[in-house]
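Listed here are the chains, written in short residue letters.
Number of protein chains: 2
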Amino acid sequence: MLREQGLEIVSLCRGGFFPASESAARQSSLDENRRIIDEAAALGAPMVVLVCGAVPGQSLAESRRQITEGIAAVLPHAAAAGVRLAIEPLHPQYAADRSAVNTMTQAGDICAALRSPWLGIAVDVYHVWWDDRLEAEIARAGANNWLHAFHICDWKAQQADMLNDRGLMGEGCIRIREIRGWIERAGFSGFNEVEIFSNKHWTRDQDAFLADILRSYQEHS
Amino acid sequence: MLREQGLEIVSLCRGGFFPASESAARQSSLDENRRIIDEAAALGAPMVVLVCGAVPGQSLAESRRQITEGIAAVLPHAAAAGVRLAIEPLHPQYAADRSAVNTMTQAGDICAALRSPWLGIAVDVYHVWWDDRLEAEIARAGANNWLHAFHICDWKAQQADMLNDRGLMGEGCIRIREIRGWIERAGFSGFNEVEIFSNKHWTRDQDAFLADILRSYQEHS
Numbered sequence: 144m145l146r147e148q149g150l151e152i153v154s155l156c157r158g159g160f161f162p163a164s165e166s167a168a169r170q171s172s173l174d175e176n177r178r179i180i181d182e183a184a185a186l187g188a189p190m191v192v193l194v195c196g197a198v199p200g201q202s203l204a205e206s207r208r209q210i211t212e213g214i215a216a217v218l219p220h221a222a223a224a225g226v227r228l229a230i231e232p233l234h235p236q237y238a239a240d241r242s243a244v245n246t247m248t249q250a251g252d253i254c255a256a257l258r259s260p261w262l263g264i265a266v267d268v269y270h271v272w273w274d275d276r277l278e279a280e281i282a283r284a285g286a287n288n289w290l291h292a293f294h295i296c297d298w299k300a301q302q303a304d305m306l307n308d309r310g311l312m313g314e315g316c317i318r319i320r321e322i323r324g325w326i327e328r329a330g331f332s333g334f335n336e337v338e339i340f341s342n343k344h345w346t347r348d349q350d351a352f353l354a355d356i357l358r359s360y361q362e363h364s
Numbered sequence: 144m145l146r147e148q149g150l151e152i153v154s155l156c157r158g159g160f161f162p163a164s165e166s167a168a169r170q171s172s173l174d175e176n177r178r179i180i181d182e183a184a185a186l187g188a189p190m191v192v193l194v195c196g197a198v199p200g201q202s203l204a205e206s207r208r209q210i211t212e213g214i215a216a217v218l219p220h221a222a223a224a225g226v227r228l229a230i231e232p233l234h235p236q237y238a239a240d241r242s243a244v245n246t247m248t249q250a251g252d253i254c255a256a257l258r259s260p261w262l263g264i265a266v267d268v269y270h271v272w273w274d275d276r277l278e279a280e281i282a283r284a285g286a287n288n289w290l291h292a293f294h295i296c297d298w299k300a301q302q303a304d305m306l307n308d309r310g311l312m313g314e315g316c317i318r319i320r321e322i323r324g325w326i327e328r329a330g331f332s333g334f335n336e337v338e339i340f341s342n343k344h345w346t347r348d349q350d351a352f353l354a355d356i357l358r359s360y361q362e363h364s
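These protein sequence lines are chains A and B, in that order.
For the first sequence, position 214 (counting from the first letter as 1) is numbered 357 according to the numbering used here, and the numbering increases by one without interruption.
For the second sequence, position 97 (counting from the first letter as 1) is numbered 240 according to the numbering used here, and the numbering increases by one without interruption.
Calculated directly from the structure, the hints in this document are not laboratory data.
Owing to the predicted nature of the structure, the values given are computational and were not obtained by experimental measurement.
Even for Gly, the Cβ is constructed at its ideal location relative to N, Cα and C.
The hints are all genuine.
Here are the simulated distance ranges between beta carbons: (1) B:E212 - A:R318: 17 to 23 Å; (2) A:V337 - B:A216: 38 to 44 Å; (3) B:A216 - A:A168: 53 to 59 Å; (4) A:E338 - B:E212: 35 to 41 Å.
DMTMM-like cross-link-like pairs, simulated, lysine to aspartate or glutamate; straight-line CA separation at most 20 Å: (5) A:K299 - B:D240; (6) A:K343 - B:D304; (7) A:K299 - A:E321.
Use the sequences and the hints to build the structure in full.
Listed below in structure tokens is the structure:
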């Protein structure tokens, strides 16, 4: 259906959520991730984006260890299916229960440890714009062919919701063009994916929202 | 009044907000900070906590440069008044407009650049708990006598408000005891200050809130 409309599938969102206190739960997350990889392959999606997970109260270092183990366990399945995995570092505001991978440095360290052409990073400006290591880590990721996806939107200083109050490009403070420059200099030539989780924009007229996305994309990214 | 009740003043919150696009605004922030230092001295407060500031859209590196310059400019006034300054790194969720100092590493780098016995760091677990450099940076700060204050509360995975929905110790995911251990091993022996900005708790019966603070302090910190 999508392809009939001339659209291309960039990725399937999302796999991940590897950490758990109990080993049985960690095991079942592996099965779930293999199922998601199969689903991506069936759709012809070349990539699964990973929201890696975290367990409230468990040390983030232990969660990252479990994430690394989990990805290592499903990588052969991804390779066999011809589906790439992309670790998406999430903003530290999501470290409690959504992801213990909160910086490009941590994502890069996992890629370096597992070293597979099927594993890379999804860079979302909303999550990483604040990081003083961002430019250097984008360069490192580019040099290692880890740049698998680039997501854009904007960070508003005041947000009514922790998940769903992202801004259109230009509504917030992220220097999107500067980051896109770093991404392109690092060799990335894929899509700039606009990803605006927003209760506010979702309840508007969706044609007007799309027009605003196109305009803000041209003016601010 | 406070002292008649047997209470001690730990610090005056807050100075800071050094960055601005216009140099006149940066200059007036210096005057404002000198006034706050005088106020602290008049109260007999030994310290001013700095929420350093940020300018939406200005690069965080530039804001940190302006912060370093601003602190350097007011440090002689603080020394003359016998008032210490404490940089409080704020969570990256506040990087847009409240502080471009978002990690202990950045705060420590400013302290290292300005090297004064009147300048140190206020460590608030809410802001820094997620950072994989936290243990190492607390040790570095202790070795340099930069640990000026320690604030505790808890981080809830779901927060209804970006500023005022902090949890009582035990209501969230921060491993407060572990961090307190690092702080104490680094040589800090000051107060553990409970700082719970919370619309929810502020609208409750305040005697009951205080009782909950005492209980959660004993059980979870």
